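The chain contents come next:
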Amino acid sequence: MPGKLKVKIVAGRHLPVMDRASDLTDAFVEVKFGNTTFKTDVYLKSLNPQWNSEWFKFEVDDEDLQDEPLQITVLDHDTYSANDAIGKVYIDIDPLLYSEAATVISGWFPIYDTIHGIRGEINVVVKVDLFNDLNRFRQSSCGVKFFCTTSIPKCYRAVIIHGFVEELVVNEDPEYQWIDRIRTPRASNEARQRLISLMSGELQRKIGLKVLEMRGNAVVGYLQCFDLEGESGLVVRAIGTACTLDKLSSPAAFLPACNSPSKEIKEIPFNEDPNPNTHSSGPSTPLKNQTYSFSPSKSYSRQSSSSDTDLSLTPKTGMGSGSAGKEGGPFKALLRQQTQSALEQREFPFFTLTAFPPGFLVHVGGVVSARSVKLLDRIHNPDEPETRDAWWAEIRQEIKSHAKALGCHAVVGYSESTSICEEVCILSASGTAAVLNPRFLQDGTVEGCLEQRLEENLPAGCGFCHIPYDELNMPFPAHLTYCYNCRKQKVPDVLFTTIDLPVDAAVIGKGCLIQARLCRLKKKAQAEANATAISNLLPFMEYEVHTQLMNKLKLKGMNALFGLRIQISVGENMLMGLASATGVYLAALPTPGGIQIAGKTPNDGSYEQHISHMQKKINDTIAKNKELYEINPPEISEEIIGSPIPEPRQRSRLLRSQSESSDEVTELDLSHGKKDAFVLEIDDTDAMEDVHSLLTDVPPPSGFYSCNTEIMPGINNWTSEIQMFTSVRVIRLSSLNLTNQALNKNFNDLCENLLKSLYFKLRSMIPCCLCHVNFTVSLPEDELIQVTVTAVAITFDKNQALQTTKTHAEKSLQRASTDNEELLQFPLELCSDSLPSHPFPPAKEHLESASSNSGIPAAQRATSVDYSSFADRCSSWIELIKLKAQTIRRGSIKTTVTVEKASPVGEGNFRNRSSPPCANSTVGVVKMTPLSFIPGAKITKYLGIINMFFIRETTSLREEGGVSGFLHAFIAEVFAMVRAHVAALGGNAVVSYIMKQCVFMENPNKNQAQCLINVSGDAVVFVRESELEVVSTQQPAANCQPSCTGGEVTT
Amino acid sequence: MTSELDIFVGNTTLIDEDVYRLWLDGYSVSDAVALRVRSGILEQTGATAAVLQSDTMDHYRTFQMLERLLHAPPKLLHQLIFQIPPSRQALLIERYYTFDEAFVREVLGKKLSKGTKKDLDDISTKTGITLKSCRRQFDNFKRVFKVVEEMRGSLVDNIQQHFLLSDRLARDYAAIVFFANNRFETGKKKLQYLSFGDFAFCAELMIQNWTLGAVDPQADDMDMDLDKEFLQDLKELKVLVADKDLLDLHKSLVCTALRGKLGVFSEMEANFKNLSRGLVNVAAKLTHNKDVRDLFVDLVEKFVEPCRSDHWPLNDVRLFLNQYSASVHSLDGFRHQALWDRYMGTLRGCLLRLCHD
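Chains G and E, in that order, are what the protein sequence lines are.
Reminder that position 561 of the first sequence reads as 561 in the working numbering, one-by-one numbering, no gaps.
Reminder that position 62 of the second sequence reads as 62 in the working numbering, one-by-one numbering, no gaps.
Hints listed in this document are in silico derivations from the structure and should not be mistaken for laboratory results.
Keep in mind the model is a prediction, meaning the values are calculated, not measured.
Careful: at least some of the hints might be erroneous.
From the structure, some residues in chain E lie toward chain G, with a derived Cβ separation under 7 Å [said to hold, decoys possible]:
#	residue
1	SER3
2	GLU4
3	ASP6
4	ILE7
5	VAL9
6	GLY10
7	THR45
8	ALA47
9	VAL51
10	GLN53
11	SER54
12	TYR60
13	ARG61
14	ILE81
15	LEU169
16	ASP216
Glycine is no exception: its CB is placed at the ideal position from the N, C-alpha and C atoms.
So that you can see chain E by itself, here it is in the shape it has in the complex:
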């Protein structure tokens, strides 16, 4: 006796959250059954393994049918085939678009292309996430990217509108899209200590201040591309380190203000010129695409690592950066105050976030 066909269709589509998770995690039916058996469900319900097998198959089939709709979540809301309560619809969508931290760190800033997709095997081996799940997550990134790529308006709003994600998840996707678009390098060894959250935080600041959208809310691609003009203008900041007088004046202003307030004052004083040179040079280099990509590598090399080697406490970093950006306003010879604020305001936030172990 073999079962040829075995289905269950409810007027309200039954969604088992646990099975959904197993499906999203890319387990095969037999693996999922094994995992469910291990969870002790048989003892709780008095069911048999055959029942569990049939149930799992059924749910998997439902999810496969739903997957097509999950690719365009508004369709899930308007479709007539599956009657699903709104709260469940939201759960299905949110879970489908949720990604693994380990996975996103691997592909963040990479081009969402076929080439990267081929590397998913390695990522799967490295992270222990099933290949199937990697594919889903990668395809999600790519799909969201494609849809919002050439859209006007706020990136987060666009994502939310077209994928019906929660605010938090939409922000994360905005960061992923932004990173993929600008191809920021995040995979270098010295960046490994950074979490996705750190990058997402920086992305949000950069989107808010450094993109076209920050100056013109009607621009195409406004939140995706950095403001080229702004990057060009950043060259002007070079004077802060090139002009020796300005540099000295800047240093003395910072040192006067922070004397006695910093635990690492002497280290700061000794290192000031190096740090300032690092930060300003990063700005000046951003006209080249390659240097844009290396932004985070540079920031860590030029600022985070020196601070770390001198054991700066976070609070000292904050005091320093505040004073460092504010003091520029007192430099009479410096004319690019607004540019400086646009640059340093964002960078200060980013650096503070990047300074941890």
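Next up, chain G with everything else stripped away, as it sits in the complex:
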């Protein structure tokens, strides 16, 4: 008997009137878990009943605890007829199952009915007593933590990143069961909600088991989706990255350290060591060994370090691996072998992460993607997951081989999606091919010297841009130049990736949201013919989307895309493609050239004039954009490079293929052959339209920036105001004479107008940036296009001149410090030393002397290289270091010495602040954001994953304000329910929030509409940095300063 679930129903409020005669309600509650049901007494004649029930106790397996949701139903008692249901609350008790998360769920939950929406609230308390399970063959995976966040969560440290986990479960969709013909819509909706909740629980448990098998303890970047296949079933599938995470001590102990201005600095693992005293015990403490103790056996790397032959089995990928020995130098080769060996162990070396611990990402190859068209009515055994498993395995295999073709052994920023229309389903997967540092993948004790030299080869901010593939044997025609940053390695001229911009990347200017939008008409067809038609269209769409992206990128004067997400949606009579990414100018990559227009008929004078007019407009736009995004790369003299600045040429870094149900694989070369693709040829009206559409994208109004990544390159000084929002638009196309052109224009206008509306609505927040702008497009019906956008607007401080450079410093410090735990004292020591004695020491020299004096392991010298490179580049660096030194010293002193003294005070304060503010009469504020962080605040605790699925249906659409009124209310209700659950867990924010699905169907003639929404995120507790500072300034900082400085320099 592994667990006891205890539930108490306290009270209700704002209940609806269920008895028209008395204008009151006789409410009672049913509490159901698994097959056990308890009931409260009936509370007569009240809209605010006080049940104050006993504790209802359920004795259950932990397997059930993971799978089943707690179901609370509020009913109106009726003596003569059946009791009327008021509504339900489903509570996922998973967060109570791991020790570090929430201990109790307690609070007001909206009572939800799928027909009427929210109808009052109910106050519930839920607790779980878990018993230790000694059964080795257990089916549950209690204790594995799940995070939606696609980076290492803020108060954890990654010991090992194990890799890809996936699972898929299938069930019959209740909406398509025979019984649905006789039951009410409410019963059908509830059956569906309950089923998906059950399947999600099961899925999570199964993934948890896989993680335990890999000896991990957490899943990061967990992405769960459901596919409504219709007749053939309901699929819930999930992918994630298994990790072994280490908690960075308790948040209370953190507090004193937090008065340093940089958010990241606080994550320096001062307190990684449970006992703060060891800080003074010197470097002899075998910290490192301890922390890596989770690592699997070392023999992995030995065994397969000669595995080159394995790789070449895949026909088209030989060059990637084969070249390693010849080309990259011995260290590179060694690294490659190790990485390989680490990754070869895995079936799919994929990572759903988009941001990585420093040093994890070595090189980035480019975007890899694969799509496949499948027919759902051809599944032999629809109730079993095998067929779908095979489909996905096929696609993943393809992705893997693409990555190999790019000389990469891993895929990062990996994601999967589907688009379904009737019986046709497009499966898509994409990611970024990359070479990873083996250190995090398995064995922590990789030889230090190797690492160190490697990092010397990889200067800060450009290493990831260096090509991982063989220059002489490139997988596609590409134009390479020497890196503009380090001048040592080759870089491509353009880089597309699906990941976030690495924190240490050297970027010039600001970034911006770049979108490619495309529609293609398709004949209505059935089954096989339809699938073939779609498969034939896909390559052309990909090609055009890619061309659009490239042109728009050039128009912005930028050279790299991050967070690229290409979505292709299928409808009855058309296909839609929508690609979003954040364009940036990477300092390491060459300056992009302009765009040249060439006409077909050069003899015609007026035509020529028109062309030159267009050309001028384009050139003007580029110049304007460069100014707008502050792109002014330093002029580089040719001598330094040693070779003429190459003529940049357009080239594709996108490798992809489509396969249809017949498994026919087609490869597409997007490189435009050998032709100089800089030139846009205007040979027909289509091309003319394309050029026009290039110029119609209006930049955001001044004071606004937008990106689809976590952080906006070039803006660092966020202020605390955030506003997360969801906006949905549906347009109806006039069905007559639809052409591709008209479609494209409509779609383009739809997206542009939507963005304009957002800018207008949020104008009071200026200056602000729309981050993580996430567009999804779907084709719910013949002539309908639906676009859903979720993003967060964050305000920032206008006066950021100093701030920008300062954050560079912070970044590098963070990089240095999180790189390796011993390194921590190192930068601190540097700073405090350099401050009094040498006002302007050359950073590099000093660093080296410092390191040799103190006898730090050589690995740390890598950091000194970082420092010096920064010193070269920022003129004001030294001043900043001084400034920094003081703040850091203050912060660190307090931690090292006053930890024990401080913690009671800190803890007390922390409790006060983190306790849910519901105690007041008003409702506590819960922030929601698609980002993994909250600006100006520190996340102190992760309370568990939020994964909720709702259905709302109406048969009185007009009365509820039409489709807009209906959906507006529903989305507001979904937000409310997410907030209520987070507040009940004791949290005050949801990070990495995502609306994964918003399926909207209407039938205005019948006055009906239905909508399904699936959202997820991580419930967290955060504390404002300003509050933290208040706490820390209470410490008697000045008194202990002298003594502490001595104690601190222990390395």
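Please arrange chain E on chain G, whose structure you already have, making use of the hints.
Below, chain E without anything else, positioned relative to chain G:
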């Protein structure tokens, strides 16, 4: 291409104060868009009319959803659907319950019934306030009336507690409720010169002194109904004008005290008996409901208009009224001093407020 659906939902509900005002003022979406265009917002922000249309629609939809909650403001504070900062919640409530001076003057003292609601069309035409806005304001009056109608305790406190209004607005509502309950006539032509503020001022004085609550803080309806016993007793004041000796004595006391101090002394002396008779008769008549309703008409006819025709300066009115009420204490034969003070104390305040052009 037509837009089927267009929504924006923020985690924190966006409230645009300007659009809220337009919505409260009862403008349709298209009128509101036109007004916003005229305000020059397009030029300021570089937005298009379509954007403005979509934005306005969105806000209107939000306000419509909020309206249900605004009908019971404590619900707005406790509801979970819209996350709104407390300062914004207060603003939403306060603005929703704010009324137009022109409108309130039309319905003040009228029964808040269906019949009056039917007249809103005319009021709308007359005042230029949209019918929608009239309805909202009327419904607000009625709602507040219904909620506090049968409650114990201070009227202002009850209103504040159940509608979370600012002190000032709660006082105004108390006046409106009080007037509606007692059906004071305020619409007569000769009362047109009076503002809502004048009436509200009088209402407050009357609530403080003339209601049941003034003597018994536990009574039901304490602040809404006038103290019937008190009104009955007011008949006793008649002796002040019926008894000729008392009247003469009263007059001589007032005249002696004010001689040389009033600019309009002779007019006062000539008019004293008329004025005194007017004021005392008003008191004596208050036993009849109809006369209660006509209180303000009577006061203006019997006191304000005579003063006005003789061009009394306000200060003279004040001196006179002070002396007029105080002198009664020196009338040995008069036994109802406390009653007189309760009556005249309030009336003096009211009359002073009513005496203006």
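Here is how each hint holds up against the structure:
1. Given the 7 Å rule on beta carbons, the hint for SER3/E holds: about 5 Å separates it from the nearest Cβ of chain G.
2. Interface hint at GLU4/E: satisfied, since its Cβ lies 4 Å from the closest Cβ of chain G, which is below the 7 Å cut-off.
3. Hint status for ASP6/E: holds, given a least beta-carbon distance of 5 Å to chain G, under 7 Å.
4. About 4 Å separates the beta-carbon of ILE7/E from the nearest beta-carbon of chain G, less than 7 Å, and the hint is met.
5. Satisfaction of the interface hint for VAL9/E is found here, the shortest Cβ-Cβ separation to chain G being roughly 4 Å, below the 7 Å cut-off.
6. With a least beta-carbon distance of about 4 Å to chain G, the hint placing GLY10/E at the interface is held under the 7 Å criterion.
7. About 6 Å separates the beta-carbon of THR45/E from the nearest beta-carbon of chain G, less than 7 Å, and the hint is met.
8. Interface restraint check: ALA47/E against chain G, minimum CB-CB distance 5 Å, threshold 7 Å, status holds.
9. About 5 Å separates the beta-carbon of VAL51/E from the nearest beta-carbon of chain G, less than 7 Å, and the hint is met.
10. For GLN53/E, the suggested interface contact is broken, since its CB lies about 10 Å from the closest CB of chain G, more than 7 Å.
11. Proximity of SER54/E to chain G holds as hinted, the smallest CB-CB distance being about 5 Å (cut-off 7 Å).
12. The beta carbon of TYR60/E is not positioned within 7 Å of any beta carbon in chain G (closest approach about 10 Å), and the interface hint is therefore violated.
13. Taking 7 Å as the C-beta cut-off, the interface hint given for ARG61/E holds, the closest approach to chain G being about 6 Å.
14. For ILE81/E, the shortest C-beta to C-beta distance to chain G is roughly 5 Å, which falls under 7 Å, so the interface hint holds.
15. Taking 7 Å as the C-beta cut-off, the interface hint given for LEU169/E is violated, the closest approach to chain G being about 20 Å.
16. Hint on ASP216/E is violated. Least Cβ distance to chain G is approximately 31 Å, over the 7 Å limit.
The structure does not agree with the numbered hints 10, 12, 15 and 16 stated previously, though it agrees with the rest.
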